[in-house]
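**Q** Go ahead and model the full structure; you've got the sequences and the hints to work with.
There are 2 protein chains.
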Amino acid sequence: MDTAAYITDVARHAKEASRIVGKAATATKNAWLLKSAEEIRASQEAILEANRLDIKMGREKGLSSAMLDRLALTDERIKSIVDALYDIAALPDPVGEISNLSTRPSGISVGRMRVPIGVIGIVYESRPNVTVDSAALCIKAGNAVVLRGGSEAFHTNRALAERLRKACQEVGIPPTSIGFVETTDREAVRILLTLDRYIDMVVPRGGKPLIELVAETAIMPVLKHYEGNCHVYVDRFADLDKALKICINAKIQRPGVCNAAETFLIHEDIADEFLPRLGHALIEKDVEIRGCPETRKRIPEAKEATEKDWDEEYLDLIIAIRVVPSFEDALDHITRHSSQHTEAIVTENHSLAMRFLKEVDSSSVMVNASTRFSDGGQYGLGAEIGISTDKLHARGPVGLEGLTTQKFVVFGNGQIRE
Amino acid sequence: MDTAAYITDVARHAKEASRIVGKAATATKNAWLLKSAEEIRASQEAILEANRLDIKMGREKGLSSAMLDRLALTDERIKSIVDALYDIAALPDPVGEISNLSTRPSGISVGRMRVPIGVIGIVYESRPNVTVDSAALCIKAGNAVVLRGGSEAFHTNRALAERLRKACQEVGIPPTSIGFVETTDREAVRILLTLDRYIDMVVPRGGKPLIELVAETAIMPVLKHYEGNCHVYVDRFADLDKALKICINAKIQRPGVCNAAETFLIHEDIADEFLPRLGHALIEKDVEIRGCPETRKRIPEAKEATEKDWDEEYLDLIIAIRVVPSFEDALDHITRHSSQHTEAIVTENHSLAMRFLKEVDSSSVMVNASTRFSDGGQYGLGAEIGISTDKLHARGPVGLEGLTTQKFVVFGNGQIRE
Chain A
25 MDTAAYITDV ARHAKEASRI VGKAATATKN AWLLKSAEEI RASQEAILEA NRLDIKMGRE
85 KGLSSAMLDR LALTDERIKS IVDALYDIAA LPDPVGEISN LSTRPSGISV GRMRVPIGVI
145 GIVYESRPNV TVDSAALCIK AGNAVVLRGG SEAFHTNRAL AERLRKACQE VGIPPTSIGF
205 VETTDREAVR ILLTLDRYID MVVPRGGKPL IELVAETAIM PVLKHYEGNC HVYVDRFADL
265 DKALKICINA KIQRPGVCNA AETFLIHEDI ADEFLPRLGH ALIEKDVEIR GCPETRKRIP
325 EAKEATEKDW DEEYLDLIIA IRVVPSFEDA LDHITRHSSQ HTEAIVTENH SLAMRFLKEV
385 DSSSVMVNAS TRFSDGGQYG LGAEIGISTD KLHARGPVGL EGLTTQKFVV FGNGQIRE
Chain B
25 MDTAAYITDV ARHAKEASRI VGKAATATKN AWLLKSAEEI RASQEAILEA NRLDIKMGRE
85 KGLSSAMLDR LALTDERIKS IVDALYDIAA LPDPVGEISN LSTRPSGISV GRMRVPIGVI
145 GIVYESRPNV TVDSAALCIK AGNAVVLRGG SEAFHTNRAL AERLRKACQE VGIPPTSIGF
205 VETTDREAVR ILLTLDRYID MVVPRGGKPL IELVAETAIM PVLKHYEGNC HVYVDRFADL
265 DKALKICINA KIQRPGVCNA AETFLIHEDI ADEFLPRLGH ALIEKDVEIR GCPETRKRIP
325 EAKEATEKDW DEEYLDLIIA IRVVPSFEDA LDHITRHSSQ HTEAIVTENH SLAMRFLKEV
385 DSSSVMVNAS TRFSDGGQYG LGAEIGISTD KLHARGPVGL EGLTTQKFVV FGNGQIRE
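Protein sequences appear in the order of chains A and B.
All residue numbers in the first sequence are consecutive under my numbering, ending with 442.
All residue numbers in the second sequence are consecutive under my numbering, ending with 442.
Hints are computed from structural coordinates only; laboratory data are not their basis.
Small disclaimer: the values here were computed from a predicted structure and weren't measured.
Check the hints yourself; a few may be wrong.
Here are the simulated distance ranges between beta carbons [as the list claims (entries may be wrong)]:
1) A:ILE122 to B:ILE44: 35 to 41 Å
2) A:ILE122 to B:GLU372: 19 to 25 Å
3) A:ASP340 to B:GLU62: 56 to 62 Å
4) B:GLU308 to A:ARG221: 39 to 45 Å
5) B:THR52 to A:ASP340: 40 to 46 Å
6) A:LYS47 to B:SER126: 29 to 35 Å
7) A:GLY231 to B:LEU234: 46 to 52 Å
8) A:ALA29 to B:SER126: 46 to 52 Å
No residue lacks a Cβ here, since even glycine has one placed at the ideal position from N, Cα and C.
**A** Here's what the structure looks like:
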């Protein structure tokens, strides 16, 4: 069979299966999650064997050590894959919830019912845990899924997907609910992204080039997760002890992730007092500082920031710092340079805090808290499939709810429209 | 200036203005709606004059009488345009609402704030009221708007848009918030639909060919409103008096609109009793019936339905009727032929009613009510910008809420992530 016909078949079968997953009972979906965990634990040796094959081929292909590390499974990593399945089983099922039910003057009652989207396509790179946690979130939300992982993790992903499908059979969910694209043909992705008849939404999980490729190619909606150029603005009414703690935490607690801060904006009225303290604390933690001229006056160790620094997502122990003459200048800087992921203000002034919350157009906006909180787990959403930097459908951390949609339901008793 | 540069300018100015509209007070937005109403009433003669010019040019171009009718303004139609502005002023402002605020174990409080989308593009056909009600809904929801109407209504739309922009100046909203594309160059639409840097969402308002053209061309999200091939399923547990009232209302109360029924599915157990009554009532109302063989046995006047009839949106006094052997067959028929707009079941059986609500994948699903209720006004949403047949972002009737989005807001007191 040629690639196009094969991929179309996988997607069409997923669409058919989605009608059954969509009405599956919560207990059935949870049973599948627990069975999958069991199957993966029981097949741990076979999965590690498949992973060793991928690692061997990756070494021969000359993959970087960072890529090989992302690809590698260990007992501990398999344990965390299995734990994620238990966590997702423990989450409430969003499907079927009816909200905003109200009676209208005509006598009908109108509400909104939360329902699955249908089929979710996942296009991802080398981390094999994505195979399991994406499928788990999609099925729990009542969707079928079509998985297309990176070719370098092909054997590992296939071994994992096999266990998920075996668990399907055991609990009575069609195994075709978990479409796994069994070819490393690169053309497969392009074909997948044109099958809007069968695939309702695509989630790319990986670096910016992958996301851009998917966004440009796909004709169905794409849930995008672009970079996080996150800002902390320290206002002139800030409590400087809180500000110091928040800045340091936002930058260094885990610098390689999208909700880490990349630029601090400091109000000039507090720059003399705050910047030397901040500079000292950052340098102590080995953070490289790139500052505007006003920053460098107060932190002599700071390098000179260029225009490019304001747009950079370092994902590293580097921070850009700019002194701003006013609250409005901080907003302007953020409007111009932010990637609309997460921004925080540190201030004790209520009116400015509320203005910042309202006027900053980012997926998460915070007052007196570290940007590192921008996370599905921290927000109480449970596991997340990504952090959407799109404005429509889902914005910010996306958990089960973002994998569902709503429809109107109307309860009548014979009403007609006059 | 060339068309591309001109359109880009309009859109860029709208984007800049959107930051001001987005934070405008409710009172300012309402003042604009009332001023616009005043301006339109005061300029009624000039607007009618512009409209007469469009009508004259339309006659010369040989427009159909239906098109000329859609295009024509009268005193009464201007009154209903003005009334719509008052209605929108009376709606609650969705912007700034914070929902689901809860405190997390870390001590932060997390909620969602409803915020404007940014700039909405409206691409529409010949009905000039769309100029006013689209702009009114967009501005009330805190968005800027870029309007591109049909060339045959150009002078009328321009006259209306001028009044809206004049009202902007009077209340202190930038007139560039209402971008009006002052060219009839057809290339303008294509260019507009590529400006995703400035335009966040596009709403096509018009017939299917327009919607398809916009959906295919636009690189930003499109709120689509495809046809309504709506079904009423009369179950074997139906109260046949209710069923008759609902069927007749769904078909004939206003046959030319998208939430009118186009197919009835009748359970065979009640076909002998119900179909002759239904046939009689339909024929009395001059409805043409196209039936399956089982229908024609019970309604001899019915013509023979072909496969094509099950997919047809007649928008006319024509109905397709099929007898189905079971509830499951009704679901199957709907899955195969529905346009996922609105479907209703008539039944007194609770379990089947709830299964129908859950399993039918349409934007509105009803029990014992006429499909004609699928409407923003009837649902209590106020004025609507369309009825979305998309599954993501907004589904079903779209009012002010569908012209907004949500972001996460976090209230802390110095919390950092451990």
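**Q** Hint by hint, say whether it matches the structure.
**A** Results for each hint:
no. : hint                             : result
1   : A:ILE122 to B:ILE44: 35 to 41 Å  : 38 Å, holds
2   : A:ILE122 to B:GLU372: 19 to 25 Å : 20 Å, holds
3   : A:ASP340 to B:GLU62: 56 to 62 Å  : 58 Å, holds
4   : B:GLU308 to A:ARG221: 39 to 45 Å : 41 Å, holds
5   : B:THR52 to A:ASP340: 40 to 46 Å  : 44 Å, holds
6   : A:LYS47 to B:SER126: 29 to 35 Å  : 30 Å, holds
7   : A:GLY231 to B:LEU234: 46 to 52 Å : 38 Å, violated
8   : A:ALA29 to B:SER126: 46 to 52 Å  : 49 Å, holds
Checked against the numbered hints above, the structure violates only hint 7.
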